[in-house]
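Student: Each chain, letter by letter, is given below.
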Amino acid sequence: MGDKSSTKNEITINSIVKAYADDLFRWAYYRTTDRENAEDLVQETFIAAMKSLHKFQNQSKIKTWLFSILNNKIVDFHRKRYRDSTYNQTQLSNDPDSRMLVEQLFDSHGNWKQNKADHSLDDVEENLLDDEEFGVVFQACLEDLPDKWFSVIQLKYLIEKKSEEICQELGITPSNYWQLLHRSKLLLRECLKKMWFDEKN
Amino acid sequence: MKRLMNFLFLSCIKASELIEKKLDYKLNAKEKIQLFLHTKMCDVCNSYQKQSEQLDLTLRKHITSYQEDKKDPKPELTEDFKKSMVEKLKDH
Numbered sequence: 000m001g002d003k004s005s006t007k008n009e010i011t012i013n014s015i016v017k018a019y020a021d022d023l024f025r026w027a028y029y030r031t032t033d034r035e036n037a038e039d040l041v042q043e044t045f046i047a048a049m050k051s052l053h054k055f056q057n058q059s060k061i062k063t064w065l066f067s068i069l070n071n072k073i074v075d076f077h078r079k080r081y082r083d084s085t086y087n088q089t090q091l092s093n094d095p096d097s098r099m100l101v102e103q104l105f106d107s108h109g110n111w112k113q114n115k116a117d118h119s120l121d122d123v124e125e126n127l128l129d130d131e132e133f134g135v136v137f138q139a140c141l142e143d144l145p146d147k148w149f150s151v152i153q154l155k156y157l158i159e160k161k162s163e164e165i166c167q168e169l170g171i172t173p174s175n176y177w178q179l180l181h182r183s184k185l186l187l188r189e190c191l192k193k194m195w196f197d198e199k200n
Numbered sequence: 000m001k002r003l004m005n006f007l008f009l010s011c012i013k014a015s016e017l018i019e020k021k022l023d024y025k026l027n028a029k030e031k032i033q034l035f036l037h038t039k040m041c042d043v044c045n046s047y048q049k050q051s052e053q054l055d056l057t058l059r060k061h062i063t064s065y066q067e068d069k070k071d072p073k074p075e076l077t078e079d080f081k082k083s084m085v086e087k088l089k090d091h
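Protein sequences, first through last, are from chains U and A.
Sequential numbering from 0 applies to the first sequence in numbering that gives the first Met the number 0.
Sequential numbering from 0 applies to the second sequence in numbering that gives the first Met the number 0.
Since the hints were made in silico from the structure, they are not lab data.
A hint or two may mislead.
[Unchecked claim] Distance condition first, Cα-Cα at most 27 Å in a straight line; then the derived DSSO-like pairs of lysine-lysine:
#1 U:K115 <-> A:K49
#2 A:K39 <-> A:K25
#3 U:K192 <-> A:K39
#4 A:K25 <-> A:K81
#5 A:K87 <-> U:K17
#6 U:K79 <-> A:K60
#7 A:K21 <-> U:K161
#8 U:K17 <-> U:K54
#9 U:K160 <-> U:K62
#10 U:K160 <-> U:K79
Keep in mind it's a predicted model, so treat the numbers as computed, not measured.
Sequences are here, hints too, so could you generate the full structure?
Tutor: Rendered as structure tokens:
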């Protein structure tokens with residue numbers, strides 16, 4: 000009796016891993032940009048899932064459920080990475096990536112160096128709808144962000160959370176938070192201009 | 000007059016930071032006036048505001064849906080990794 004149920008259990012584990020592991024891995028890979036981390040997160044997801052798999056009668060919902068466990072693990076990963084990074088308590092003005100970006104784009108009075116509006120990015124969202132290649136470029140530009148900024152972006156968009164909650168989890172002030180988003184978007188925008196819009200024209 | 004100017008007028012970096020703030024938080028009355036006046040006069044910030052809203056939507060859509068690069072698929076899990084994972088899972 001005991002043997003029979005453990006074989007059955009094994010078959011279930013095997014088939015679930017076979018069916019979902021690669022999709023989960025790829026998902027985690029693009030949201031952590033690191034093979035080892037993605038492997039760990041997928042394994043932790045299955046371990047967490049195994050604990051309550053017996054409650055699961057409806058096979059069709061397993062995929063959604065696994066992905067929601069994984070998303071929570073990805074969020075935990077980014078929160079931890081942000082908090083462990085070296086200059087996390089200091090002001091953004093001490094962040095070398097931010098300083099460089101601000102010097103590149105703004106003059107000493109804090110006004111744009113380029114004083115003509117650039118409308119090439121006005122319809123960036125429509126591009127994403129239309130073009131598969133745009134997704135690839137967008138992903139590459141995201142991965143180019145400094146690790147800490149990438150983590151904040153993932154935390155903000157992967158799971159709908161209130162900004163107050165994110166600030167609390169990261170141990171930062173609201174003004175620090177929107178400044179981080181501001182810098183991240185500036186850098187993304189520069190990258191997209193170069194990699195997508197200039198290439199196309 | 001100078002004090003009034005300082006009160007009313009923002010640098011572009013401050014204005015574009017307020018644009019980010021506005022997406023997640025409420026601006027106070029002073030900030031609202033400052034940003035309104037600034038974007039009326041500054042084309043670059045005015046266009047930044049639209050782009051920032053678009054980027055916000057694009058980021059949300061990309062991060063909650065991007066699956067794979069069809070031209071250059073990233074490596075998948077190895078069979079060995081999957082096997083060893085199944086072994087570990089049996090103990091749970």
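Student: For every hint, state whether the structure bears it out.
Tutor: Checked hints:
{"no.": "1", "hint": "U:K115 <-> A:K49", "verdict": "holds (15 Å)"}
{"no.": "2", "hint": "A:K39 <-> A:K25", "verdict": "holds (20 Å)"}
{"no.": "3", "hint": "U:K192 <-> A:K39", "verdict": "holds (24 Å)"}
{"no.": "4", "hint": "A:K25 <-> A:K81", "verdict": "violated (48 Å)"}
{"no.": "5", "hint": "A:K87 <-> U:K17", "verdict": "holds (15 Å)"}
{"no.": "6", "hint": "U:K79 <-> A:K60", "verdict": "holds (24 Å)"}
{"no.": "7", "hint": "A:K21 <-> U:K161", "verdict": "holds (14 Å)"}
{"no.": "8", "hint": "U:K17 <-> U:K54", "verdict": "holds (20 Å)"}
{"no.": "9", "hint": "U:K160 <-> U:K62", "verdict": "holds (22 Å)"}
{"no.": "10", "hint": "U:K160 <-> U:K79", "verdict": "holds (17 Å)"}
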